[in-house]
Amino acid sequence: AQTVTQSQPEMSVQEAETVTLSCTYDTSESDYYLFWYKQPPSRQMILVIRQEAYKQQNATENRFSVNFQKAAKSFSLKISDSQLGDAAMYFCAYTTGNQFYFGTGTSLTVIP
Amino acid sequence: NAGVTQTPKFRILKIGQSMTLQCTQDMNHNYMYWYRQDPGMGLKLIYYSVGAGITDKGEVPNGYNVSRSTTEDFPLRLELAAPSQTSVYFCASSRDGNEKLFFGSGTQLSVL
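Chains as they are written, first to last, in my numbering: chain A, 23 to 134; chain B, 34 to 145.
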């Protein structure tokens with residue numbers, strides 16, 4: 023079974039500091055795609071970053087970067103220079119090309 | 034560009050009633066999905082479709098039905114609503130199964 027595990031239900035970070043959110047997944051596939059989505063209180067799901075498993079280079083989008091460890095099946099999200107607008111639920115997701123599987127989410131609080 | 038449009042945004046049902054959640058996308062995406070989001074449980078896939086006329090079950094299909102007669106529309110039918118179906122429902126679409134998901138704004142459904 024495909025599973026995605028986010029072991030941190032809640033995290034907090036001081037404004038302007040760096041925080042890392044953890045995600046592990048279980049798969050027997052060699053070709054797949056990983057995502058981080060942000061869900062603010064508005065409930066809208068927003069794509070933060072996408073990683074292709076066949077690419078060794080870690081994806082980066084401005085202040086957001088990932089640490090992709092394929093052998094360990096780990097896909098953590100690093101948020102640098104945290105801003106108040108980063109406060110949200112963050113979901114890790116995985117797909118091999120049909121179904122997307124989501125983790126249970128990490129609630130991030132940004133402290134002014 | 035409207036993206037993915039879901040209606041209604043809120044609905045209260047009585048036990049045993051039926052309803053259809055509407056979802057339409059204007060991006061000509063082949064892949065469409067229905068998820069439910071329960072507190073602390075992340076997003077669970079109900080049904081998905083890889084093209085018009087093709088649908089398949091996800092992780093939690095019981096109590097739901099879908100159809101995909103056109104590329105644009107992917108309605109979700111609830112028959113004989115039960116309190117366990119109280120949730121937030123999201124429709125999403127993707128150009129192909131590996132690209133980002135575009136989400137609708139969600140439907141808050143309460144079954145009382």
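Be careful, since some hints might not be right.
Claimed, not checked - Covered stretches of chain A, as calculated for chain B (at least 3 residues, CB under 8 Å):
| hint | region |
| --- | --- |
| 1 | 29 to 38 |
| 2 | 57 to 67 |
| 3 | 124 to 133 |
Unchecked claim - With a straight-line cut-off of 16 Å between C-alpha atoms, the simulated EDC-like cross-links for lysine to aspartate or glutamate are:
| hint | chain 1 | residue 1 | chain 2 | residue 2 |
| --- | --- | --- | --- | --- |
| 4 | B | K133 | A | E32 |
| 5 | B | K133 | A | D48 |
| 6 | A | K95 | A | D53 |
| 7 | A | K100 | A | E83 |
To be verified - Incomplete in silico selection of chain A near chain B, CB under 8 Å:
| hint | residue |
| --- | --- |
| 8 | R72 |
| 9 | Q73 |
| 10 | S96 |
Source of the hints: derived by calculation from the structure; they are not laboratory data.
Here a beta-carbon is modelled for each residue, glycine too, at the ideal position from N, C-alpha and C.
Cross-check of the supplied hints:
1. 29 to 38: Coverage by chain B is violated for the region 29 to 38 of chain A (1 residues, Cβ < 8 Å).
2. 57 to 67: With 5 residues closer than 8 Å to chain B, the region 57 to 67 of chain A meets the three-residue bar; holds.
3. 124 to 133: Held - the region 124 to 133 of chain A has 4 residues with a Cβ nearer than 8 Å to chain B, which meets the minimum of three.
4. B:K133 <-> A:E32: The hint is violated at about 25 Å.
5. B:K133 <-> A:D48: 20 Å, violated
6. A:K95 <-> A:D53: 12 Å, holds
7. A:K100 <-> A:E83: 10 Å, holds
8. R72: Check passed: Cβ of R72 of chain A comes within 6 Å of chain B, closer than 8 Å.
9. Q73: 11 Å, violated
10. S96: Violated: closest Cβ of chain B sits about 18 Å from S96 of chain A, beyond 8 Å.
In the structure shown, a violation is registered for the earlier hints numbered 1, 4, 5, 9, 10, in ascending order.
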